[in-house]
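Asker: With the hints as extra help, turn the sequences into a complete structure.
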Amino acid sequence: MNLKLSKPNENADFLYQKLATQLAKQIRDGLYQPGDKLMPIRRFAEKQGVSIATVVSAYYQLEAMGYVEARPKSGFYVKRLYQEQIDRPSQSEPDAVPTVVTGQEMVLHLVKATNNPEMMQFGAAVPDASYLPTQLIAQAVRQAAKNDMAVLNDYLFPPGLPELRKQIARRMVGNACDVSAKQVVITSGCQEAIRLALRACAGPGDVIAIESPTFYGLLQVIHSLRMKAIEIPTDPDTGMSIEALEMAIEQWPIKACVLVPSFSNPLGLSMPDDKKSRLVELLSKREIPIIEDDVYGEISHESPRPKPLKAFDKDDWVIYCSSFSKTLSPGLRVGWVVSKRYYDKLEYFKYVSNLATASVSQLAVAEVLQSGKYDRYLSKIRSQYAYAVERMTAAIVKLFPTGTKVTRPKGGFVLWIELPFKVDTFELANRLMKHQISIAPGRIFSTTNKYDHFFRISCAVNWNHETDLALLKIVNEIHQIKMLGKDRYRPL
1 MNLKLSKPNE
11 NADFLYQKLA
21 TQLAKQIRDG
31 LYQPGDKLMP
41 IRRFAEKQGV
51 SIATVVSAYY
61 QLEAMGYVEA
71 RPKSGFYVKR
81 LYQEQIDRPS
91 QSEPDAVPTV
101 VTGQEMVLHL
111 VKATNNPEMM
121 QFGAAVPDAS
131 YLPTQLIAQA
141 VRQAAKNDMA
151 VLNDYLFPPG
161 LPELRKQIAR
171 RMVGNACDVS
181 AKQVVITSGC
191 QEAIRLALRA
201 CAGPGDVIAI
211 ESPTFYGLLQ
221 VIHSLRMKAI
231 EIPTDPDTGM
241 SIEALEMAIE
251 QWPIKACVLV
261 PSFSNPLGLS
271 MPDDKKSRLV
281 ELLSKREIPI
291 IEDDVYGEIS
301 HESPRPKPLK
311 AFDKDDWVIY
321 CSSFSKTLSP
331 GLRVGWVVSK
341 RYYDKLEYFK
351 YVSNLATASV
361 SQLAVAEVLQ
371 SGKYDRYLSK
381 IRSQYAYAVE
391 RMTAAIVKLF
401 PTGTKVTRPK
411 GGFVLWIELP
421 FKVDTFELAN
431 RLMKHQISIA
441 PGRIFSTTNK
451 YDHFFRISCA
461 VNWNHETDLA
471 LLKIVNEIHQ
481 IKMLGKDRYR
491 PL
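In this note's numbering, the protein residues as written are 1 to 492.
The hints are simulated quantities; they were obtained by calculation from the structure and are not laboratory data.
Even glycine gets a Cβ: it sits at the ideal position worked out from N, Cα and C.
Some clues are possibly wrong.
Only pairs whose alpha carbons sit at most 30 angstroms apart, straight line, appear in this in silico DSBU-like list of lysine-lysine [unchecked claim]:
| # | residue 1 | residue 2 |
| --- | --- | --- |
| 1 | K345 | K182 |
| 2 | K37 | K25 |
| 3 | K434 | K112 |
| 4 | K182 | K314 |
Derived Cβ-Cβ restraints for the label pairs, each shown as a range [said to hold, decoys possible]:
| # | residue 1 | residue 2 | range |
| --- | --- | --- | --- |
| 5 | Q436 | E302 | 33 to 41 angstroms |
| 6 | N354 | L108 | 30 to 38 angstroms |
| 7 | G30 | L108 | 40 to 48 angstroms |
Answerer: Here it is in structure tokens:
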């Protein structure tokens, strides 16, 4: 089959990954069928303008990911897709009743592990340093310190650095959102943005609708604000059930709805545009604020990225929250929240919370956005994240017990895994910690223990021999727990 790929423009270290990712997508899309032969290596290299070694690496990577097989003296042939061999987790079915959030103390143990350089970091949704533009950020910080010494010696009180707010508003307008810089408040990360949004539209004892499963950081925020959470059934591909949400609204006094429509954590789901429109219309008519967490939106594996919920917001009921923690640097702690309706409250609560976000961080991010280097970096990193997710999925299919279910995200870098038998993944996580391996057990993503045989794993690791050994250790511990508790752990 004679197919032309988009011209690679990354460094040589990433070319083979980009080629492998693009070919994998074409195979998934049906442009290659099982049994089709890939183009001969030399001819493909000439066609793409890359080295033979790059194509060889890409083809062997496709083989490792389960897309093709090498036949001696013949070439590479497309296999039956491994995606057809693995099921996705089914839609969640939580008890849709308001619940006081408890049990989040265990999260601190997991978070502390991210600071251990000896730990294999599957558990934290923090990309390995190799995925982040460290040199770009360092250069921007130096430039900021050189050009704006006066600002560095003072607070940038809310709403934050004007130039940064302007750059953020421009990017959001480019994503079809009707916003202006005057509606942007700079925050110390996305989690603070969500906290401010909840304080602006709800109070202690109020009921907040959330996805199920949901990011444990959101549960911690709800707990700290003494609010209640009501978990809404959520499809791992298309997001929160609008029908279930509507039923919950009829039954309970829901004050706000928090969700991640683009590559949610932990599901990695991507809500279709028509569903986004319906959801915004439903909640806007009921005058229920929608808090959108879009922290993963820029890490779409394909371009263009999905439209945010804010793009469908005609009556200003969507409070938009995001940050640069997943794309530029988690250490900068620069996020933002956008709302015209709640702007005054957001600005005030930001001020009384911690006065201001660090000046040098705001200046550095503004410098990166102004330079145009941010979009070039995103173009490169999207293919790297896609490759990382494909590689981890292939490893799980190959190594994990038969019947394991895995999500298939089109963005972000985490996978949600359902084991085929009731092995307590909190026990699994504790056992793995002793071997310097972290995972995120399922129960921390819910107000109940409903997901005790699920866990989340990060794909954004620096893959090497130790990574392979760590995955084998996870599988070994799963089987050990199963064997030690035959009477407890039965197939689902």
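Asker: Where does the structure disagree with the numbered hints, that is, which hint numbers, in rising order?
Answerer: Violated: hint 6 alone.
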